[in-house]
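Peer 1: Sequence:
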Amino acid sequence: MIFKTTIYTTAALLLGAALMLPVNVAGNESDCVSSYDPSKDYFPDKVESKYGSGFEITYAGNAKYIRNNIANENYVLYQCGTPAPDGASPTPANSLQVGNWTKVAAIPGSKVVLSSAPASAIIEAFNLQNTVAGSYKFLTVTSPCMQKQLSSLPRIEQTYATPSTRRRNVRSHGLVRRVSYDLDGQGLQWTFTTYGMSDPRSFSVNPEDASDMLGKAEWIKFVAAFYNKEAEANKLFADIESRYNALKKPASANAAKTNVGIARYNKVANGTILGWTMVPAQKWLAQGLSDAGLNAYTGDMRSFTSADDFHKAVSGWDILIDTSIEPLSHGGATIPEWQDLVNGYKLDTSGGRSSSSSGSSSLQFIDPNAVYRSDLISSTNNATDADEHLQVQPDVLLNDFIKLSSASSGAKDARWYRNMPLEVPVDWTSPSDCSN
Numbered sequence: 106m107i108f109k110t111t112i113y114t115t116a117a118l119l120l121g122a123a124l125m126l127p128v129n130v131a132g133n134e135s136d137c138v139s140s141y142d143p144s145k146d147y148f149p150d151k152v153e154s155k156y157g158s159g160f161e162i163t164y165a166g167n168a169k170y171i172r173n174n175i176a177n178e179n180y181v182l183y184q185c186g187t188p189a190p191d192g193a194s195p196t197p198a199n200s201l202q203v204g205n206w207t208k209v210a211a212i213p214g215s216k217v218v219l220s221s222a223p224a225s226a227i228i229e230a231f232n233l234q235n236t237v238a239g240s241y242k243f244l245t246v247t248s249p250c251m252q253k254q255l256s257s258l259p260r261i262e263q264t265y266a267t268p269s270t271r272r273r274n275v276r277s278h279g280l281v282r283r284v285s286y287d288l289d290g291q292g293l294q295w296t297f298t299t300y301g302m303s304d305p306r307s308f309s310v311n312p313e314d315a316s317d318m319l320g321k322a323e324w325i326k327f328v329a330a331f332y333n334k335e336a337e338a339n340k341l342f343a344d345i346e347s348r349y350n351a352l353k354k355p356a357s358a359n360a361a362k363t364n365v366g367i368a369r370y371n372k373v374a375n376g377t378i379l380g381w382t383m384v385p386a387q388k389w390l391a392q393g394l395s396d397a398g399l400n401a402y403t404g405d406m407r408s409f410t411s412a413d414d415f416h417k418a419v420s421g422w423d424i425l426i427d428t429s430i431e432p433l434s435h436g437g438a439t440i441p442e443w444q445d446l447v448n449g450y451k452l453d454t455s456g457g458r459s460s461s462s463s464g465s466s467s468l469q470f471i472d473p474n475a476v477y478r479s480d481l482i483s484s485t486n487n488a489t490d491a492d493e494h495l496q497v498q499p500d501v502l503l504n505d506f507i508k509l510s511s512a513s514s515g516a517k518d519a520r521w522y523r524n525m526p527l528e529v530p531v532d533w534t535s536p537s538d539c540s541n
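One gets the numbering used here by counting positions in the sequence shown from 1 and adding 105 to each.
For the record, the hints were derived by calculation from the structure and aren't laboratory data.
Please read these numbers as outputs of a predicted model, since none were measured by experiment.
Fair warning: there could be bad hints in the mix.
[As the list claims (entries may be wrong)] Listed next, the in silico DMTMM-like pairs over lysine to aspartate or glutamate satisfying Cα-Cα at most 25 Å (straight line):
{"#": "1", "residue 1": "K216", "residue 2": "D289"}
{"#": "2", "residue 1": "K372", "residue 2": "D289"}
{"#": "3", "residue 1": "K388", "residue 2": "D423"}
{"#": "4", "residue 1": "K388", "residue 2": "D453"}
{"#": "5", "residue 1": "K517", "residue 2": "E442"}
{"#": "6", "residue 1": "K372", "residue 2": "E528"}
{"#": "7", "residue 1": "K362", "residue 2": "D518"}
Taking the hints into account, I'd like the entire structure generated from these sequences.
Peer 2: Have a look at this one:
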């Protein structure tokens, strides 16, 4: 593999250089207050969720009430230096309750732990890296400067305790051990994580499960609420919203759409291909592709054990987005290259036809070099920016989709989507690339 490293500054990796300029807006408190006035509105700057973000937020006096519908959790945030609001009763740490936990915290954040790549991207957008005091031991990110910072901070373990709690979405009555982040004795406030859990000091950040493209960006507002950065969040979001709507293609222009499908081959460590899977696009992804003039496959997830049958099923796709992984013999996995995809999908690249001996059908995505993966920006510690900055920058993502839609012989200049037939190399990032 030829390794190509492009140096990304924090500004380049985040929401664009213009958005990195400080936003000097007076409003919510930036620190604890020294006295409490029950008649005061402590949060004159507020945010709201207008799109399908998956969370709702309301304000009252010195408190913010957030409902995270994706994680099935409730958060009560109150201004540091004031009392917790009446009725703010957190779910006990030893509760057997499954889901719908209530978690309470004083804000703004000053010593937080990261276990969420999107939260990391948002914190950098607000230039709040100094509030990160640790990270989960298995968290990996693509931002060179955040990689550098996390390497010098404590790596937090998960702990398991009793009593156990019932596993969600499992019919059996078996109990599983409770899991939480070990923040005790370190002066740490809470963990930004990626899913709801039985941990009273974890808050879930879920842009990947938003139902709307702009709803993904609204998670910028969510994280901002933990820092009293609502004014800055509103400006960042308004800029993203404006750019997205300017790029969005009118419905009347999408009469003859190009078909896009997501798929993977299923390979095990000894090299055996067990089958192939057609993956329906998530709602936000289908919307974004549609707004670029593309038609996403949103049918059922379908699995195949015959390459011929798989090729026939995807023969109408003009663009293939691959999500396969290449398992390693000693464990783990790596990023596939074009030849891996040729072998994994059993492709004949000479004429855009499958290499199956029978029932071969023309595969429309090969000849125009229209096979992509969203791992163009990846880190040497196994992170991909598709899990990080892509999740909260729908305007840039839409621009990528437009490039995929308009390219006649394969797009090579997308932000996140790597053209596989043209063998565009991965832009590998590492802490040494941090320049600010």
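Peer 1: May I ask which of the numbered hints given earlier this structure violates, with the numbers listed in increasing order?
Peer 2: Hint check: 2, 4 fail, others pass.
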